[in-house]
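Trainee: Those sequence lines, one after another, are chains A and B. Positions 1 to 452 (our numbering) are the ones given, in order, by the first sequence. Positions 1001 to 1058 (our numbering) are the ones given, in order, by the second sequence.
Since the hints were made in silico from the structure, they are not lab data. Note that the structure is a prediction, hence the values are computed from the model and not measured. Check the hints yourself; a few may be wrong.
[Stated by the list, open to error] Here are the simulated distance ranges between beta carbons:
(1) Y1029(B) to C190(A): 22 to 28 Å
(2) D31(A) to L1028(B): 32 to 38 Å
(3) S41(A) to Y1029(B): 23 to 29 Å
(4) D342(A) to L1028(B): 36 to 42 Å
(5) L1028(B) to S41(A): 22 to 28 Å
(6) Q231(A) to Y1029(B): 40 to 46 Å
(7) Y1029(B) to W243(A): 39 to 45 Å
Cβ coordinates follow ideal geometry from the N, Cα and C atoms, glycine included.
Each chain, written out:
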Amino acid sequence: MSDWVIKFGLVAIYIIITLYLGYKGWKETKDGKDYLIAGRSMGAFVMAMSYGATFISTSAIIGFGGAAALFGFPLLWLTVMNIFVGIFIAMVVLGRRVRRLGLAIDAHTFPELIGRRYNSPFLQGFAGLIIFIFLPVYAGAVLIGLARLVEVIFTIPYSTALLVCTFIVALYVLTGGLKAVMYTDAFQACVMFVVMAVFLVGTYYLAGGFTSAHQALTDMVQYYPKALKDQGMLGWTQGATFWSQAWLTVYTTIVLGVGIGVLAQPQLAVRMMTVQKDAQLKRAILYGGVFILCMTGVAFVVGALTNVVFFKAMGPMIEGKPAISVVVAGGNIDKIIPTYIDKMWHPYFGIIFMIAMFAAAMSTLSAQYHAGGTSLGRDFYERGVGGRGDTLMITRVAVGVTILMTLIWAWILPESIIAIATAFFFGLCSSSFLPVLILGLFWRGMTWAGAI
Amino acid sequence: MLGIASPKLALAYILCIASAVWCVVYALYFWEAKGRDAEVHAETDWDKSQKEMEKETP
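Starting from the given sequences, assemble the full structure and let the hints guide the process.
Mentor: Structure below.
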């Protein structure tokens, strides 16, 4: 059986299951409440896996995995933040209050939660507008990650890959709303979990074992890129000089920016309002914590260890340069993980990994399309400027506009942009929404004037 | 430690696993915990003021 038959067969099975779940979501979507907030009827497992799959995209695996190949193990602090802040704090401390407040004031979107908490249609419309304008940049980065992978594995033009991926995701988000998004997310998260677990074990095997792999990476310090050393990095397992340019980039922009920014992500916060009971948020922590460890934890460890695997297989030099990941990938860190899969793993795993990345990107993209569309339709158009009409139809049109904006960004964003665009949006959400959300949840004295 | 040169980064490696284990233990401990479920108040002040504004708008 040829590789192409297996490739298309596995992708077809994956797409059929995804579209079936999208269809299930569409059949269960009867009104605006179902489309916007999944009818507030989701269970702990679906909610947790949907939250995790939305949280983790190709940005986290391809983009940040590539960044880990460059910066090394310091990025593991981001995984600690992702689990402790992004899962535990988000669900136990914020999630319960978000759910209760959302229920009490009948909020259907993240901006609506803020707008109604502060009794201000303006805040709702303004928050919706910010999300609609900037979310497509982040979504564009996610789409780039997916399209780059498809480009490498299927050897098709980048523009074709962009269009095909967009069409498939758009199909079920436009029709099925949040129910379709969450059902497909949960399935996609399961695929991601299994593949990333295999990816970790295989990489340790290729790199020579657990401690040996780390030691080999430590011993490669003399090959660490000089440009990064000049910025204050000491090596992959050595960290960075305190307060140097590299230290600031890693710990403030990436670890803190992304680690804390997750709390105010509209597409994530809205999921807290989809469960039936408070207890389900606590149960969701189990699935979420393990899932995130298996996603960013694995991506960052594997990303760093690709240097060892490439060096062992191709080293010590390639055309006069050290055989480290960034050199093998031609200087584009977004291509490090795809190149590693392509050169170091069996082609069949490449296909399975590609499906997992399909899952990662589609789950995040679908949530972004939905959040961007609801922000434009429900929050900005309906509530902010007082537009009239059928909520379902308005939101679907707005989701379509968001999809188009994302496609445009994916076409025009430069190379090596995935991690930067992700950090940008997370930082934007931290600065714009986090104080407003946290003070609004925990302090009765916080007013709309203070929020503005 | 663990072949990682910096003790801080070795700690990060361990904390990744420890935080996931903490999530599992916490969730299992509170698995059957009963939470207070808020009631829906669809007619909020915000909605009332919005409806009044709509009535006043020609």
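Trainee: Does each hint hold? Answer for all of them.
Mentor: Status of each hint after checking the structure:
| no. | hint | in the structure |
| --- | --- | --- |
| 1 | Y1029(B) to C190(A): 22 to 28 Å | holds (25 Å) |
| 2 | D31(A) to L1028(B): 32 to 38 Å | holds (36 Å) |
| 3 | S41(A) to Y1029(B): 23 to 29 Å | holds (26 Å) |
| 4 | D342(A) to L1028(B): 36 to 42 Å | holds (41 Å) |
| 5 | L1028(B) to S41(A): 22 to 28 Å | holds (24 Å) |
| 6 | Q231(A) to Y1029(B): 40 to 46 Å | holds (44 Å) |
| 7 | Y1029(B) to W243(A): 39 to 45 Å | holds (40 Å) |
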